[in-house]
Each structure stands twice: as structure tokens, then as C-alpha cells.
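K.L.:
What follows is each chain in one-letter form.
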Amino acid sequence: METVEQKSIILERDADSNLKNLSDWNKEVAVELAKEEDITELTERHWLVINFMRKEFKEKGDAPSIRRLTKESGVETKELYNLFPKGPAKKAAKIAGLPKPKGCI
Amino acid sequence: MEESIKKISIVVSRGSLEGVYPGLIMANGARMEGIEATLFFTFFGLHAVIEKKMDKLKVATVGNPAMCVPSAMGPGLPTWLGTLPGMSWFATGMMKKEIEKLDIPPVREFIEMIHDTGCEIYGCKATVEMFHLTKKDFCPQVDDIISVGQFYEKSAGAQIIFT
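Chains A and B, in that order, give the protein sequences.
Numbered by the numbering used here, the letters in the first sequence go through residues 304 to 408 in order.
Numbered by the numbering used here, the letters in the second sequence go through residues 218 to 380 in order.
To be clear, the hints were calculated from the coordinates, so they are not data collected in a lab.
Mixed in with the good hints, there may be bad ones.
Heads up, simulated DSS-like pairs for lysine-lysine below, C-alpha to C-alpha not over 25 Å straight-line [unchecked claim]:
| no. | chain 1 | residue 1 | chain 2 | residue 2 |
| --- | --- | --- | --- | --- |
| 1 | B | Lys224 | A | Lys361 |
| 2 | B | Lys223 | A | Lys405 |
| 3 | B | Lys352 | B | Lys270 |
| 4 | A | Lys393 | A | Lys381 |
| 5 | B | Lys270 | B | Lys314 |
| 6 | A | Lys363 | B | Lys318 |
| 7 | B | Lys318 | B | Lys371 |
| 8 | A | Lys330 | A | Lys361 |
| 9 | B | Lys223 | B | Lys371 |
| 10 | B | Lys270 | B | Lys224 |
| 11 | B | Lys352 | A | Lys405 |
| 12 | A | Lys381 | B | Lys371 |
| 13 | A | Lys405 | B | Lys224 |
| 14 | B | Lys224 | A | Lys403 |
| 15 | B | Lys223 | A | Lys389 |
| 16 | B | Lys371 | A | Lys389 |
| 17 | B | Lys318 | A | Lys405 |
| 18 | B | Lys318 | A | Lys374 |
| 19 | A | Lys393 | A | Lys374 |
| 20 | A | Lys403 | A | Lys381 |
Take the sequences, apply the hints, and build the full model.
P.N.:
What follows is the structure in C-alpha cells.
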């Protein structure tokens, strides 16, 4: 346990304090990153969003817009804001080990 | 570090497509950043939330010297051409296509989405009375019709952006 906690703290970060290296990410790291965003528990719904974001990022090189996230992951906007309060796209990207999304929408 | 923005209030006063979108994009963008947002529609801006009008907003081709065809870097559209029948329809079609490419939703879907993010949406009481409208004329996302005084109350602590 201790090693995981330490690890998430010392992992290299970018200017937005998102992970610098995608390869540093794993599920335990995600749990620690979620805690930094005051999300104490990652539910199945959280994982659905996180996994969708990682898949989109691998395919397209940027995290999806809220609109695509809503339409294609099956998680509605309202629920997204409940799962990741105050900025789902930004927070989910961070927890998914991705850089902050570049898009405006 | 400068103090971050916590809350904004956006006034949408114009009813053309290019008059409405900037306010919507800014409201949605604020919510994405975790900033509290309120949208206030006034004068012709109300068209963006009127059931029968919101799907039919158009780009204004008259009185806009920056209007170029076929795209921003093309030659300017002579003013008198902008008055030809169908020009606004044509420009609207072009812009909607580009908007869709950027994954920006049509106005109705955008309003629904923004409301779902927790942004409150209000109509201006003075305009509603001036235009002889009632709450029933508006899409369900409009939370209330409020006076300018109530708008300032709701905007307490917010930065107000007029578009």
C-alpha cells in the first residue's frame, strides 16, 4: 500500500499535474489520482468513463469532447458531472493518466 | 498565482447564429473548468431558447463587413450580395457544417447539454413582456424569467460577460 501511495506522488507530472508518461498509469495509480481530485471511490461507472477516454486517446490522440463522451460512452452529461464534480473531462482525463483535453467543447 | 475565476454570468443579447454560439461555448467551457455559470438571454438573444425559433437561427449576412466567401480568408462578400434572397440560408448552412465538424452541437442540443452541466438558464423579463411571450414559449431548460435586478442578485460574486 505504502509503495503505491509513494509512487503516485513521485510520478512525473506535466504543468497541469497530469501524468507525464502514459506508461506510468495503472489501476492503482488511477485510484490515487482520483483521491487527489477528492474522488474517494472509483465505481463501475467511473471506470466506464476512464476506459472510454483511454481508448479514444489511443485512437485519436486527444481526449474526447463532453459531447462525444456523453453520446458514445452512454454516460449522460448530468451523471458525468456527478461522477467527476467540477469538470468531468478534465478530471477524468487526469485520472485516466492522460493530458488535459485540448478541445473547447 | 492570480486568483482563478469562480463564477461567470453570460448575457446573450443577439439572435443570429454567430451571436448565440460564443455565449454558449463560453458557458459550456466554464462548466468544463469547474467554474459556476449562468446564462441570461435578453432581446433577440431569447430566440436561442424559444421553442419555435431555436432550431432556425441564421447567420446575418447583412451589416457584417467581415463576411467573406467561401471561408474566412476568401474575398469579402459585397454588402448588396448579402441582401439577396437565400444568402443567409446559404451562409447558415456553411457555418452549421463547420460547427458540426468541430463536434459543437446544434443550439437545442447545446442548450440541453449546458443545462445538464448545472448551468442555470434565464430569460429577460422586460424582453418577454416587450415581445408578448410567456414561459410556455420557451424550451424546458429555461429555469425562470427574471428581472434585471434578479439577474444581478444571481450574479453575485460572478464576472459578467455581455455578448
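K.L.:
Against this structure, judge whether each hint is valid.
P.N.:
Do the hints match the structure? See the list:
no. : hint                 : in the structure
1   : B:Lys224 to A:Lys361 : violated, 34 Å
2   : B:Lys223 to A:Lys405 : holds, 21 Å
3   : B:Lys352 to B:Lys270 : holds, 14 Å
4   : A:Lys393 to A:Lys381 : holds, 15 Å
5   : B:Lys270 to B:Lys314 : holds, 19 Å
6   : A:Lys363 to B:Lys318 : holds, 15 Å
7   : B:Lys318 to B:Lys371 : violated, 35 Å
8   : A:Lys330 to A:Lys361 : holds, 17 Å
9   : B:Lys223 to B:Lys371 : holds, 14 Å
10  : B:Lys270 to B:Lys224 : violated, 29 Å
11  : B:Lys352 to A:Lys405 : violated, 38 Å
12  : A:Lys381 to B:Lys371 : holds, 22 Å
13  : A:Lys405 to B:Lys224 : holds, 22 Å
14  : B:Lys224 to A:Lys403 : holds, 21 Å
15  : B:Lys223 to A:Lys389 : holds, 11 Å
16  : B:Lys371 to A:Lys389 : holds, 19 Å
17  : B:Lys318 to A:Lys405 : holds, 16 Å
18  : B:Lys318 to A:Lys374 : holds, 15 Å
19  : A:Lys393 to A:Lys374 : holds, 17 Å
20  : A:Lys403 to A:Lys381 : holds, 21 Å
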